[in-house]
Amino acid sequence: MAGIGFELRKLLRKDSLLGLVQAYAYAGVIGSGPWVLSIVGMLLIGFLSAAVVVPPILITQFQVSVTWLIASSLIVTGVVQLAFTRYISDRLFEKRDDIVLSSLNGLLLAVISVCGALGVVLAFVAFPGYDLAYRVLMLAAFVLLCGIWIVTILLSGLKRYKQILMMYALGYGLTVAAALLARPWGLNGLMFGFVVGHLVLFVGMWVIVAAGYPSEEAISFGFVSRSSIGTLPITQTAVTRNLGVPGEYASFAVPLGATTKMDGCAALYPALAAITVAQLFGVPLGIKEY
1 MAGIGFELRK LLRKDSLLGL VQAYAYAGVI GSGPWVLSIV GMLLIGFLSA AVVVPPILIT
61 QFQVSVTWLI ASSLIVTGVV QLAFTRYISD RLFEKRDDIV LSSLNGLLLA VISVCGALGV
121 VLAFVAFPGY DLAYRVLMLA AFVLLCGIWI VTILLSGLKR YKQILMMYAL GYGLTVAAAL
181 LARPWGLNGL MFGFVVGHLV LFVGMWVIVA AGYPSEEAIS FGFVSRSSIG TLPITQTAVT
241 RNLGVPGEYA SFAVPLGATT KMDGCAALYP ALAAITVAQL FGVPLGIKEY
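Those letters in the sequence shown? Residues 1 to 290, per the numbering used here, in order.
Derived by calculation from the structure, the hints in this document are not laboratory data. Just so it is clear, the structure is predicted and the values come from calculations on it, not from any experiment.
Below, computed lysine to any residue pairings styled on SDA-like, alpha-carbon distance capped at 20 Å:
#1 159 / 94
#2 159 / 99
#3 95 / 236
#4 159 / 90
#5 95 / 220
#6 159 / 169
#7 95 / 240
#8 159 / 238
#9 162 / 213
#10 162 / 204
#11 95 / 234
#12 95 / 239
#13 95 / 213
#14 159 / 86
#15 95 / 218
#16 95 / 159
#17 159 / 203
#18 162 / 40
#19 162 / 173
#20 159 / 82
#21 162 / 174
#22 159 / 207
#23 95 / 232
#24 159 / 98
#25 159 / 102
#26 159 / 242
#27 95 / 241
#28 162 / 212
#29 159 / 97
#30 95 / 216
#31 162 / 35
#32 159 / 96
#33 162 / 208
#34 162 / 152
Here are the simulated distance ranges between beta carbons:
#35 94 / 71: 34 to 40 Å
#36 232 / 170: 39 to 45 Å
#37 48 / 285: 39 to 45 Å
#38 212 / 133: 36 to 42 Å
#39 133 / 170: 24 to 30 Å
#40 218 / 170: 24 to 30 Å
We put the beta carbon where it would ideally sit given N, CA and C, even for glycine.
Model the full assembly from the supplied sequences, consistent with the hints where possible.
This is the structure we're talking about:
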């Protein structure tokens, strides 16, 4: 969000109605564009498949499946997004650009492994009455979405907003096209199109990172041994040198900010995620569980 703010300042410096319109348009497209594209894509698939997919309940099942996939994948990957982006920002400050791609590959390997194992269990437990093809497609879509959120949050931190928007437009355009071509096969055909489009989206965004931050090392897991406390010297140096904050104030405020934020990362988020998952699955929670 800070990177978007810097771009908006440049547009607003024009001090004209055109500059103001450009700033609002830029903020709207970059900030909400990918999500609007995904919503429009799913609505188009449902609308254009109404006369082909029979019975119509299959379209509703497809849209509900996509909703569950997006919600669950965001919850699962949300645990690591903040810590990973903070780690990458510290490495970029140290001018260690070569570690970006290898760290991304390491995190993707860990996330895909965990989400794949979780997805296998859910695919064969949570969908009684559905055929094997649907379960496999749900598993593939879940794993792809988990990877997409990781790469998306990294590219956002790297301020590659236009590339993100273009890749989402391409990915969801292919999703709609593939789903419409495969719609004669009903629910499985729509899910197949969803998987194909998101596979292109995932690979495309990974290629953007690989092209911009090449690395001799294929995989790195250095992010698992870092914390906000371990990077305090770098943070304090950046605050004093780049932002001009007095050293006396920075020596107090930086450690305080690093430690008081930990409750949100380590305690509040898992609890809120558990409550959200329980509500999604209709699991009643009493005072004892809270």
